[in-house]
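K.L.:
Chains as they are written, first to last, in the working numbering: chain A, 1 to 317; chain B, 318 to 615.
Just so you know, these hints were derived from the structure itself, not from any lab. Here a beta-carbon is modelled for each residue, glycine too, at the ideal position from N, C-alpha and C. Fair warning: there could be bad hints in the mix.
Cβ-to-Cβ under 8 Å is the rule here; a few derived chain A residues that face chain B [claimed, not checked]: (1) M152; (2) I155; (3) F292.
Derived list of chain A stretches under chain B, where covered just means 3 residues or more per stretch with a C-beta under 8 Å from a C-beta of chain B [claimed, not checked]: (4) 19–28; (5) 101–108; (6) 137–146; (7) 186–195; (8) 221–233.
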Amino acid sequence: MTRYVIRSTSQSLFVVVLVSMLVFAIMRALPGDPVAALTGESVAGYDAKQVEELKASLGLDRPIPVQYGDWAWDAIRGDFGKSARNHLAVTGEIRSRLIASVQLGLVALVLGLIIGVAFGIIAALRQGSIIDTLVTLVAMSGIAVPTFVSSMLLIWVFTVELHWLPIGGFVNIWDDPALAAKRLAMPAGVLAMTIAAPIMRHTRSSLLEVLRYDYIRTARAKGLPGHSVVIRHALRNSLLPVVTVAGLRMAGLLEGSVIVESMFSVPGIGRLAVASISARDYPTLQAIVVVFAIITVAVNLLVDILYTLLDPTIEYS
Amino acid sequence: MNDELSLPATLGLPVARKRGLAGRAGHTFRRYPLASISACIIGLMVLMAVIAPVIAPYGPTEADGLASLNTPSADHFFGTDRFGRDVFSRVIYGSRVSLGVGLGAVLVAGLLGLPTGMIGGYFGGMVDALLMRVTDTFMAIPGLLLALSLVLVLEPSFFTVALALGIAAFPGYARVMRSRVLSLRSADFVMAARALGAGHTRIMLRHILPNAIAPMIVVASLSMGGAVLAEAGLSFLGVGVRPPTPTWGAMLKDSFALIYQAPWLMSFPGAAIFILILSLNLLGDGLRDILDPRQRRA
Chain A
1 MTRYVIRSTS
11 QSLFVVVLVS
21 MLVFAIMRAL
31 PGDPVAALTG
41 ESVAGYDAKQ
51 VEELKASLGL
61 DRPIPVQYGD
71 WAWDAIRGDF
81 GKSARNHLAV
91 TGEIRSRLIA
101 SVQLGLVALV
111 LGLIIGVAFG
121 IIAALRQGSI
131 IDTLVTLVAM
141 SGIAVPTFVS
151 SMLLIWVFTV
161 ELHWLPIGGF
171 VNIWDDPALA
181 AKRLAMPAGV
191 LAMTIAAPIM
201 RHTRSSLLEV
211 LRYDYIRTAR
221 AKGLPGHSVV
231 IRHALRNSLL
241 PVVTVAGLRM
251 AGLLEGSVIV
261 ESMFSVPGIG
271 RLAVASISAR
281 DYPTLQAIVV
291 VFAIITVAVN
301 LLVDILYTLL
311 DPTIEYS
Chain B
318 MNDELSLPAT
328 LGLPVARKRG
338 LAGRAGHTFR
348 RYPLASISAC
358 IIGLMVLMAV
368 IAPVIAPYGP
378 TEADGLASLN
388 TPSADHFFGT
398 DRFGRDVFSR
408 VIYGSRVSLG
418 VGLGAVLVAG
428 LLGLPTGMIG
438 GYFGGMVDAL
448 LMRVTDTFMA
458 IPGLLLALSL
468 VLVLEPSFFT
478 VALALGIAAF
488 PGYARVMRSR
498 VLSLRSADFV
508 MAARALGAGH
518 TRIMLRHILP
528 NAIAPMIVVA
538 SLSMGGAVLA
548 EAGLSFLGVG
558 VRPPTPTWGA
568 MLKDSFALIY
578 QAPWLMSFPG
588 AAIFILILSL
598 NLLGDGLRDI
608 LDPRQRRA
């Protein structure tokens, strides 16, 4: 077990290093002058000597591997350089936007898991019923509707027509829970749906499969009440694959946050990503991509390890 | 009982009825109604994209300054946008980008993913470990952000968007291909081919590939839905195929800015995206049931 954990952790670290190399390579391959890409300033007015000096001051005259090593070493210590948009430290900007993103993401994740698992169970227990059909339909639609389309629909209904929910701004949950709930309802709802839809389908199919096993029949034959069989015996085993799906949805959640945060004006990291795209702020974008990749890898590693702990039949080799 | 001898018939077992083409189509339709309807919808959309100039009443960029933001009418079935362009025509032309980029992305992902998965799964060992870490790397970056960064490097156009989305999607292809190859690698017919002296290339291309293609078709159908979604997302963020080329994502972006004045504008491109992605996903699910019954899911 320890060996398995060590091996998968080192593999994940290797992947993170590869991601950072890839991202660095992409940013160095950008069209146009690297000075402009790094500082956001044009070098048009400078003569050749000044450009060389500027490059030397940014370290751009050194070989690419050395530049990468330098950048990576700084990044490990938490320094992602300066934003090309406003020359502030990128790390500080990301940190200041962490609260909004984390609160939105966690609310969406919890909401999505609860809705997904609950309706997945209901659909499986009432297989073939109207509820089952409805759940399947909603899940299929939830996967096919782009987040920006569902966001627009919600904004149209609840903001434009009904004037119930405001869009824009962010209120810390701990400061004013009621107002925060109003602000978070739509963006968190949209993101929760992206998680709930696939979780519903997998919970349903996985539970249906487990319910056919002999040990469930044994439990029923022993005279255990139906809900006890489902909760204590079936659910435990059927939720294992769901854990993996939840982990895999993490990348989708981060991706969704990019669009949802900018549509609902949530001052989070996703919105920062969109702002840095339109401002061609590559150092910030680079840092966000690396941070998102690290989160994705870490969550999947955690799911992997959790899985082996939860499922005793898995071999660790 | 005439010319043909049939074992089930002689044994008195029920004989499989012979069906004509129409009969077989009807049978498939009854067994997989959702997938069949989806296939028809996708077919109609492809047709719509191909003959767009014939069915669109206006040009995609034909602007009428006097007819800005008209509500749907007999002249303009879906109304007009801010510049007085016919939304109905633009939705029709927009299908070209969605379907074209989606198809292009699937091709790119296949060209990258199939060899990667095949070589990794077939040779195993260090080669496999290295290739899988590379696919892990591309998988670790959220697809939309990876595609976005690549498009920024390559400058947005029809081909670069397709290329970027293909690169973002290829790990999925490589993974499925690899797992399929792993299970086929030691199959009897592969052993037989090897014993007969077939080379690695021949075994991979002639013996393993044909047996691994069915799950890949499922992956292609499902991932095309993802590519269409991502293309719309890129256009929505303003980093997709450049305007004035009509794309559903960019139309939604424009209508979001006008959500107070013209809320109906978003419904047409929104519905188009939804219908196309839903159809692709349902077709993929149906194909999985048809081609790969062992992997059947809900």
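K.L.:
Take the shortest C-beta to C-beta distance between I155 (chain A) and chain B; is it under 8 Å?
P.N.:
holds (6 Å)
K.L.:
Should the interface hint for F292 (chain A) be scored as holding, given a Cβ-Cβ cut-off of 8 Å against chain B?
P.N.:
holds (5 Å)
K.L.:
Taking a Cβ-Cβ distance under 8 Å as contact, does the segment 19–28 of chain A have three or more residues in contact with chain B?
P.N.:
Coverage by chain B holds here, the residue count being 5 at a Cβ distance below 8 Å.
K.L.:
If you count the residues of the segment 221–233 of chain A with a beta-carbon closer than 8 Å to a beta-carbon of chain B, do you get 3 or more?
P.N.:
Coverage by chain B is violated for the segment 221–233 of chain A (0 residues, Cβ < 8 Å).
K.L.:
Close enough to count: is the Cβ of M152 (chain A) nearer than 8 Å to one in chain B?
P.N.:
OK, holds: M152 (chain A) within 8 Å of chain B, min 5 Å.
K.L.:
Please verify the coverage claim for the segment 101–108 of chain A: does it have three or more residues whose C-beta sits within 8 Å of some C-beta in chain B?
P.N.:
With 0 residues close enough to chain B, the hint is violated.
K.L.:
Can you take a look at whether the segment 186–195 of chain A is actually covered by chain B? Rule is 3+ residues, C-beta closer than 8 Å.
P.N.:
violated (count 0)
K.L.:
State whether the coverage of the segment 137–146 of chain A by chain B holds or is violated, taking the criterion as 3 or more residues with Cβ-Cβ distances under 8 Å.
P.N.:
holds (count 6)
Checked against the numbered hints given earlier, the structure breaks hints 5, 7, 8 and satisfies all the rest.
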